[in-house]
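Protein chains in written order, with our numbering: chain A, 13 to 367; chain B, 13 to 367.
No wet-lab data here; the hints were simulated from the structure. The C-beta atom is built at its ideal place from N, Cα and C for all residues, glycine as well. A couple of the hints might just be wrong.
To be verified - Result set (DMTMM-like, lysine to aspartate or glutamate): computed pairs, CA atoms no more than 25 Å apart in a straight line:
#1 A:114 to B:240
#2 A:14 to B:41
#3 A:114 to B:232
#4 B:331 to A:100
#5 A:325 to B:55
#6 B:331 to A:55
#7 A:331 to B:232
#8 A:30 to B:41
#9 A:235 to B:232
#10 B:121 to A:134
As the list claims (entries may be wrong) - Per label pair, the in silico range of CB-to-CB distance:
#11 B:54 to A:268: 34 to 40 Å
#12 B:133 to A:224: 45 to 51 Å
#13 A:222 to B:62: 43 to 49 Å
2 protein chains.
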Amino acid sequence: MKHNFGAGPCILPQEVFKQASQGVLNFNDTGLSILEISHRAPEFVAVMDEAISLVKELLNVPEGYSVIFLQGGASLQFTMVAMNLLAEGKKASYLDTGVWSKKAVAEAKLFGEVEVVASSKDKNYSYIPKEYQVAADSEYFHFTSNNTIFGTEFHSFPKVNAPLVCDMSSDIFSKEINVADFDLIYAGAQKNIGPAGATLVIVKDSILGKTGRAIPSMLDYQKQIEAESMYNTPPVFSVFVSMLNLRWLKSKGGVAEIGKENIAKAKALYTEIDRNPLFKGSTAVEDRSNMSVCFVMENPELEKPFLKYAEEKGCIGIKGHRSSGGFRASLYNALPITSVHVLVEAMQEFAEKNA
Amino acid sequence: MKHNFGAGPCILPQEVFKQASQGVLNFNDTGLSILEISHRAPEFVAVMDEAISLVKELLNVPEGYSVIFLQGGASLQFTMVAMNLLAEGKKASYLDTGVWSKKAVAEAKLFGEVEVVASSKDKNYSYIPKEYQVAADSEYFHFTSNNTIFGTEFHSFPKVNAPLVCDMSSDIFSKEINVADFDLIYAGAQKNIGPAGATLVIVKDSILGKTGRAIPSMLDYQKQIEAESMYNTPPVFSVFVSMLNLRWLKSKGGVAEIGKENIAKAKALYTEIDRNPLFKGSTAVEDRSNMSVCFVMENPELEKPFLKYAEEKGCIGIKGHRSSGGFRASLYNALPITSVHVLVEAMQEFAEKNA
Numbered sequence: 013m014k015h016n017f018g019a020g021p022c023i024l025p026q027e028v029f030k031q032a033s034q035g036v037l038n039f040n041d042t043g044l045s046i047l048e049i050s051h052r053a054p055e056f057v058a059v060m061d062e063a064i065s066l067v068k069e070l071l072n073v074p075e076g077y078s079v080i081f082l083q084g085g086a087s088l089q090f091t092m093v094a095m096n097l098l099a100e101g102k103k104a105s106y107l108d109t110g111v112w113s114k115k116a117v118a119e120a121k122l123f124g125e126v127e128v129v130a131s132s133k134d135k136n137y138s139y140i141p142k143e144y145q146v147a148a149d150s151e152y153f154h155f156t157s158n159n160t161i162f163g164t165e166f167h168s169f170p171k172v173n174a175p176l177v178c179d180m181s182s183d184i185f186s187k188e189i190n191v192a193d194f195d196l197i198y199a200g201a202q203k204n205i206g207p208a209g210a211t212l213v214i215v216k217d218s219i220l221g222k223t224g225r226a227i228p229s230m231l232d233y234q235k236q237i238e239a240e241s242m243y244n245t246p247p248v249f250s251v252f253v254s255m256l257n258l259r260w261l262k263s264k265g266g267v268a269e270i271g272k273e274n275i276a277k278a279k280a281l282y283t284e285i286d287r288n289p290l291f292k293g294s295t296a297v298e299d300r301s302n303m304s305v306c307f308v309m310e311n312p313e314l315e316k317p318f319l320k321y322a323e324e325k326g327c328i329g330i331k332g333h334r335s336s337g338g339f340r341a342s343l344y345n346a347l348p349i350t351s352v353h354v355l356v357e358a359m360q361e362f363a364e365k366n367a
Numbered sequence: 013m014k015h016n017f018g019a020g021p022c023i024l025p026q027e028v029f030k031q032a033s034q035g036v037l038n039f040n041d042t043g044l045s046i047l048e049i050s051h052r053a054p055e056f057v058a059v060m061d062e063a064i065s066l067v068k069e070l071l072n073v074p075e076g077y078s079v080i081f082l083q084g085g086a087s088l089q090f091t092m093v094a095m096n097l098l099a100e101g102k103k104a105s106y107l108d109t110g111v112w113s114k115k116a117v118a119e120a121k122l123f124g125e126v127e128v129v130a131s132s133k134d135k136n137y138s139y140i141p142k143e144y145q146v147a148a149d150s151e152y153f154h155f156t157s158n159n160t161i162f163g164t165e166f167h168s169f170p171k172v173n174a175p176l177v178c179d180m181s182s183d184i185f186s187k188e189i190n191v192a193d194f195d196l197i198y199a200g201a202q203k204n205i206g207p208a209g210a211t212l213v214i215v216k217d218s219i220l221g222k223t224g225r226a227i228p229s230m231l232d233y234q235k236q237i238e239a240e241s242m243y244n245t246p247p248v249f250s251v252f253v254s255m256l257n258l259r260w261l262k263s264k265g266g267v268a269e270i271g272k273e274n275i276a277k278a279k280a281l282y283t284e285i286d287r288n289p290l291f292k293g294s295t296a297v298e299d300r301s302n303m304s305v306c307f308v309m310e311n312p313e314l315e316k317p318f319l320k321y322a323e324e325k326g327c328i329g330i331k332g333h334r335s336s337g338g339f340r341a342s343l344y345n346a347l348p349i350t351s352v353h354v355l356v357e358a359m360q361e362f363a364e365k366n367a
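Next comes chain A alone, as it looks inside the complex:
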C-alpha cells in the first residue's frame, strides 16, 4: 500500500477515483463516457452547476460573489488578477512569502506598479512576515495563504486597508474561512479540489470592470462569469472529478470537520519532528503549515537513507523541493491519518536503528 504525500497533483479519495474511473466508461448511465459528451448537454451542465453550488455551500460564499471554473492554473491567475484589477498607472501590493508569490509579483508588473510590502526571503522563506504597511492607494493586497515549497501557512489572515486577493491553491477547503474577508480567491484544482486542469476563482462582483483596460475574452472574469464558466469548452473531466471530490468533502462533514482532521494529522507529524532527535522542523513554529509539513535532519547525510527507508514503508512523495531541501510531507484532505501514522512510525524506527 502506498501513502501518497505528494505535493500536487495529489491524493484524492479512493472512492472519487472509483467514481471517476466509472464515469470514463459510462457517465451517469448515459451509455457514454464523460469524455465524449457535449459540455452543453444537460447532464454536464448539471455537473458544472453542482460543482459551483458545492463550492458556495462548503465555503459559505456570500451574496455578491461569483464562483467560476477556469483553466490555466494559479499561474494564469497571476496574470488575470492584475489584468482585471490593476489599472495602468495604479499600484498593487504583494507579500513575498516564496516562489509562488514571487511569480505573482513578476506577472503583475506587466500591468501596473507593484509594491512588495515585505518578504521573508532573508530566512529562505521560513516564516510569514507580520509587520508591514500597505500603501493607502493600493488597488489590492495579494498574498499566498500556504507556501507548499517552504511549509508556511497563514493561520490568521492579514488585516489591511485594501481589497484582499489570495492565492489559496494549496489550503483552500482544508479549513473554515470567511470568504467575505476576501475580494478574490483563486486556486489551482490539483490539491484539495480535484485533478489538474481546472482552476477555481471566487470573486466579489463589485471589484470588476474598473480598470478601463480592454481584456481578452478568455482572461476577462466578467465574461467568464456571464458565460457561467462556459465561455468555451471547459475542462470537462477536471470539473466532473472536482464535483465528485467536493461531494465527498460534504459527506465528510465539510470544511469544519476536515479542518479538525487536518489539524490532528499535522499535530501527529510535528509532534514526532519535535520529539525525534534526528529531525527538526524548518519553519517558524507559529507559521507551520498544516498542509505542507517541511522538515530536515540534524545530520543531512541521513536524509537519503531515510528517504529510502520511508519509501520502503510505502511513504512516497516526501522529498523536499530543491529550493528548500530535506522533506516535505503534504497532508491534503484525502490523505488518511493512518498514512501519517505510518510515516511517524518510520521516523521512530529509523531513529532507533540510527541511535
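With chain A's structure known, arrange chain B on it following the hints.
Just chain B now, with coordinates in the frame of chain A:
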C-alpha cells in the same frame, strides 16, 4: 448502442476509454491513479514526451518547429496568436469563414490592426471564399481549416504571401497535411486529439520573439516551449488520454489511413443526402466538410420528427447548431463507418415512411 455524432467534446475510441478508465484506478501499474501523480514524476514526463513525439511522428513535423500542449482551448489561442505574433502598429490578415474565425478576429484586434480579407457571411458561411488579396505587409494570415457550425472545410490550403496561421481544432489528424506550409497550427484537443482541457500548438520557432511586447509567461509560446509544456502543472489527464488516442491513431495506420476512412464515411453520408429527396446539403459542394456534415430537410417541419427517429436508432448529437439549423453529423476519427451506415439507413427508412 449509441452512435455519437456530437460536435465535441466528441467520441474517442472505446479502447481509449478503457485504458483511460484503468489509468484513473492504477496508472502504469504504479498503484497510483494518473490523477494523483506529480507532473514531474518520470512516469508522467514519459507520457508528455510520448504525446509530443506522437504528434511529431503522425504529422511529420519538420525540424525547426516546436510542439506544445497548453490549456484554454482554441479560444485562448485567438489571444495568444496575436499577442505573440502581431506587434503593435502592425497588421494581420484574417479570413472570415464563420463563428470561430469571427471570434479570432475580435481577439486579435486588441493587439494590432486586423484586415479581414474576405468573408462568406453573405451566404451564412456556406462556402469558403477563394478570391482575396493579403496585404503585402501582413504579419500573418489566419484561417479556420474546418468550420464545425456551418460544415465547410478547406480541401486545399491558401497560398498567400504571409506566414500561415491555422485554427485546425476540428480537422487536425483527420488527414495528411504538410506542416511546413504553416507557421503556426493550433487545436483544442476535444475532437481528434483527446478530451477537453488540453490545447495543441505546433509553431515554427523562427517566427517567435519579434513583437517587442512583454508577454505574460503563461501566454508566451517561447516560455512554454522552453518549459517543455510544463511551465506550470499541465492538464495531466487530458494529455494522458491524448497520448492514448494518438497511440490508437498510429496503430490504425496514422493520418493517411484514417484520412481514407474519413473520406469513405463522409462520402457515404453526402451520397445519401444528395440521393434522398427529403434532405439537402447546406454548403457549397466543393467546400463540404468531411468532419462536420451539415444538412437540412426540404420540408423543415419534418426536422423534429427525423431527429426523434434518428435518436431512436441510437444516432445522437446530430441536431444542427442554432446558427445554422438543420442537422450536423460530426464524423471524427473515432466514429466507426458502421455508425454512418446506421444514420444513412435511418434517413432511408424515414424517407420511405414519409414518401
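**In rising order, the numbers of the hints this structure does not comply with** = Violated: hints 4, 7, 10, 12.
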